[in-house]
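Since chain Z is already given, all that's left is putting chain B on it; use the hints.
The chain contents come next:
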Amino acid sequence: MMAINMKKGSPITDKIFKYVAIGAATYVLAIIIMIVVNLTTGSAQVWQQEGISFLTGSDWNSVEGRESYGAAPYIMGTLVNAGIAMAISIPLSFGIAMFLSELAPKLLKTPLAMVIELLAAVPSVVYGLWGLLVFRTYIQDWIEVPLHNLFGDQSIIFAGTPFGLDILTASIVLAIMIIPTIASISKEIMLAVPNSQREAAYMLGATKWEVFRLAVLPYSKSGLIGATILGLGRAVGETMAVTMLIGNATGAAAFPSSLFGPGQTLASIMANEFAEASQGGLHLAALVGIGLILFIMAFAINVVAHLLVARVVKSHEGAVLA
Amino acid sequence: MITVEQRAEFRKHFRYNVGRRLVLDKVVKCVVFLCVVVAVVPLVAILINVFTNGAAALSWDFLTQIPGAVGSDEPGGIGPAIQGTIVLLGLSSLIGVPIGVMGGIFLSEYGNNRYGRTVRFFNDVLAEFPTIVIGVFTFVLIVLTVGNFSVWAGSFALSIVMLPIVMRTTEESLKLVPVTYREAGYALGIRRWRVVFTIVLSGAKSGLITGILLSVARIAGETAPLVFTILGSSQFIQGLDGPIDALPLRIWRLSSLPYDSSVTQGWGAAFVLIIMVLAINIGVRYVFLQKKGKTFMKFKKMGVI
Numbered sequence: 010m011m012a013i014n015m016k017k018g019s020p021i022t023d024k025i026f027k028y029v030a031i032g033a034a035t036y037v038l039a040i041i042i043m044i045v046v047n048l049t050t051g052s053a054q055v056w057q058q059e060g061i062s063f064l065t066g067s068d069w070n071s072v073e074g075r076e077s078y079g080a081a082p083y084i085m086g087t088l089v090n091a092g093i094a095m096a097i098s099i100p101l102s103f104g105i106a107m108f109l110s111e112l113a114p115k116l117l118k119t120p121l122a123m124v125i126e127l128l129a130a131v132p133s134v135v136y137g138l139w140g141l142l143v144f145r146t147y148i149q150d151w152i153e154v155p156l157h158n159l160f161g162d163q164s165i166i167f168a169g170t171p172f173g174l175d176i177l178t179a180s181i182v183l184a185i186m187i188i189p190t191i192a193s194i195s196k197e198i199m200l201a202v203p204n205s206q207r208e209a210a211y212m213l214g215a216t217k218w219e220v221f222r223l224a225v226l227p228y229s230k231s232g233l234i235g236a237t238i239l240g241l242g243r244a245v246g247e248t249m250a251v252t253m254l255i256g257n258a259t260g261a262a263a264f265p266s267s268l269f270g271p272g273q274t275l276a277s278i279m280a281n282e283f284a285e286a287s288q289g290g291l292h293l294a295a296l297v298g299i300g301l302i303l304f305i306m307a308f309a310i311n312v313v314a315h316l317l318v319a320r321v322v323k324s325h326e327g328a329v330l331a
Numbered sequence: 144m145i146t147v148e149q150r151a152e153f154r155k156h157f158r159y160n161v162g163r164r165l166v167l168d169k170v171v172k173c174v175v176f177l178c179v180v181v182a183v184v185p186l187v188a189i190l191i192n193v194f195t196n197g198a199a200a201l202s203w204d205f206l207t208q209i210p211g212a213v214g215s216d217e218p219g220g221i222g223p224a225i226q227g228t229i230v231l232l233g234l235s236s237l238i239g240v241p242i243g244v245m246g247g248i249f250l251s252e253y254g255n256n257r258y259g260r261t262v263r264f265f266n267d268v269l270a271e272f273p274t275i276v277i278g279v280f281t282f283v284l285i286v287l288t289v290g291n292f293s294v295w296a297g298s299f300a301l302s303i304v305m306l307p308i309v310m311r312t313t314e315e316s317l318k319l320v321p322v323t324y325r326e327a328g329y330a331l332g333i334r335r336w337r338v339v340f341t342i343v344l345s346g347a348k349s350g351l352i353t354g355i356l357l358s359v360a361r362i363a364g365e366t367a368p369l370v371f372t373i374l375g376s377s378q379f380i381q382g383l384d385g386p387i388d389a390l391p392l393r394i395w396r397l398s399s400l401p402y403d404s405s406v407t408q409g410w411g412a413a414f415v416l417i418i419m420v421l422a423i424n425i426g427v428r429y430v431f432l433q434k435k436g437k438t439f440m441k442f443k444k445m446g447v448i
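These protein sequence lines map, in sequence, to chains Z and B.
Residues 10 to 331 (our numbering) make up the first sequence, in order.
Residues 144 to 448 (our numbering) make up the second sequence, in order.
For reference, chain Z alone in the conformation it holds in the complex (with noise of 0.2 Å):
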């Protein structure tokens, strides 16, 4: 008998498309690692001059020689801009999603799943535009103006005068733009629960609603949960479509405090300022800075949200995202 010996003799060729493969892998923490070197080294400046106070304060003063800058506004717009627009678009996604895969007849599933997959496709600049130029104007004289009408200036939330562009428009346009994302995520995660899971319900009697209740939503819940995450870094880093609608105040007016007021966040500052500061020096490092706050940010909710999906996978094989 002749000993066969798949590995003896292997062609160099062999070994070196593996290590192509593996340098192509490593490219990937490779970039990561350079954008955390870059963000740090390109912000350096504005660390050593501002400290601390650059996450705690709010100056933003781009003027030569009492230059002073301070992120906390932009980090408080970011999560008051994104937290609005996760509580309205959560309810909503989940709607969607427990109507196309539970109750829509087959009719309707088909088109209507394939139009919100489509509206995840589409960029996020023409939100943007379609929010300046068509929807502002709605909200503005549909919402806006009512709400101020009827609780006025006495109110905090509803003072300053609606304009249209401020943090309930980019809110609302952020939330229409990530439904689409976690709306198909969590109805491909409701169609994974076995179907065994809802027979047994039905058969001890229950309705719709209560089969939902019982044996989907228990099974597809950290899935749900990952869904919801990964639509929160989505919304936290979107830039484009809330840079046009935000209305862009810098300083200590860009903390949120009216509705109606014009905020900023983190992305959308540097989308803005972007083009003065250009040139360098403590503006520009002052941005960097901003992006690697960004970066921290979405680093974490994402790696979270990837650690919860992982333990899905793991618990039931059933409810994948990954």
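Among the hints, erroneous ones may be present.
[Claimed, not checked] Partner residues aside, some chain Z positions facing chain B, computed with beta carbon under 10 Å:
#1 98
#2 100
#3 317
None of these hints come from the bench; they were simulated from the model.
Glycine included, C-beta positions come from ideal geometry on N, C-alpha and C.
Only chain B this time, still in chain Z's reference frame:
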């Protein structure tokens, strides 16, 4: 024995209980349906608005001419932006696709170990990064070092956006090729790299192409990385180390101008962009996915489409 009174009592409770549950069921169904309507109306309104307003702006000159002076009577067109987007898509695919496919091959063929899991994890994280961070990173890395905005910088930034998508979709498509195919190749004495290239890649062709096309559609609409890297221009491309225009960037610039003509042009540019993106998405769905429903489902669960 249950007495008649007990039975009546029981029925009363039963009716009350079931009635309550049925009402709740109806209420929830109505609420869910309302959710769908509330969410779908603005989403469909966007499409309708872009299509009606954008189609009105279209003309041959609009698609081929350079933009006129700001606010002048000659609005010009968006020719450089269309050209720039196509150049950027091509160049970023040149950088991103080979690396992404090779990385995907690693994850699928050699990635069943600790290092493979690490790469997969960070690849997934990179796929969801805010693209503006990638733009700033490219600006610091390339534009500041070289000293000028360039097509290369833009392509590099976009290639980072597309890379994780290509890598993940490649991995998932390769994994769907049965291991027996590979074994058949090995049994014939074919080397591993040739097995991967000739047997596995051709078996996973449609999934691979789908992933690449979807990633191209994704980067076609990316604006944030371009703001920091290509600057924008109103001329046709001068060279790969100079600034260039791109459709999303042009839409953003037009939206900040107060003139009626720029609003019309903004709609027109959005129309062209959305047609490009949706054509790729719908085309992929109909051409490649009919055969490989499984790959498609997998991509859906990953959230790439």
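Hints versus structure:
1. Of the supplied interface hints, the one on residue 98 (chain Z) holds, with its beta-carbon coming within about 8 Å of a beta-carbon of chain B, less than 10 Å.
2. For residue 100 (chain Z), the suggested interface contact is upheld, since its CB lies about 7 Å from the closest CB of chain B, less than 10 Å.
3. Hint on residue 317 (chain Z) is violated. Least Cβ distance to chain B is approximately 12 Å, over the 10 Å limit.
The structure fails to meet hint 3 from the earlier list, while all remaining hints are met.
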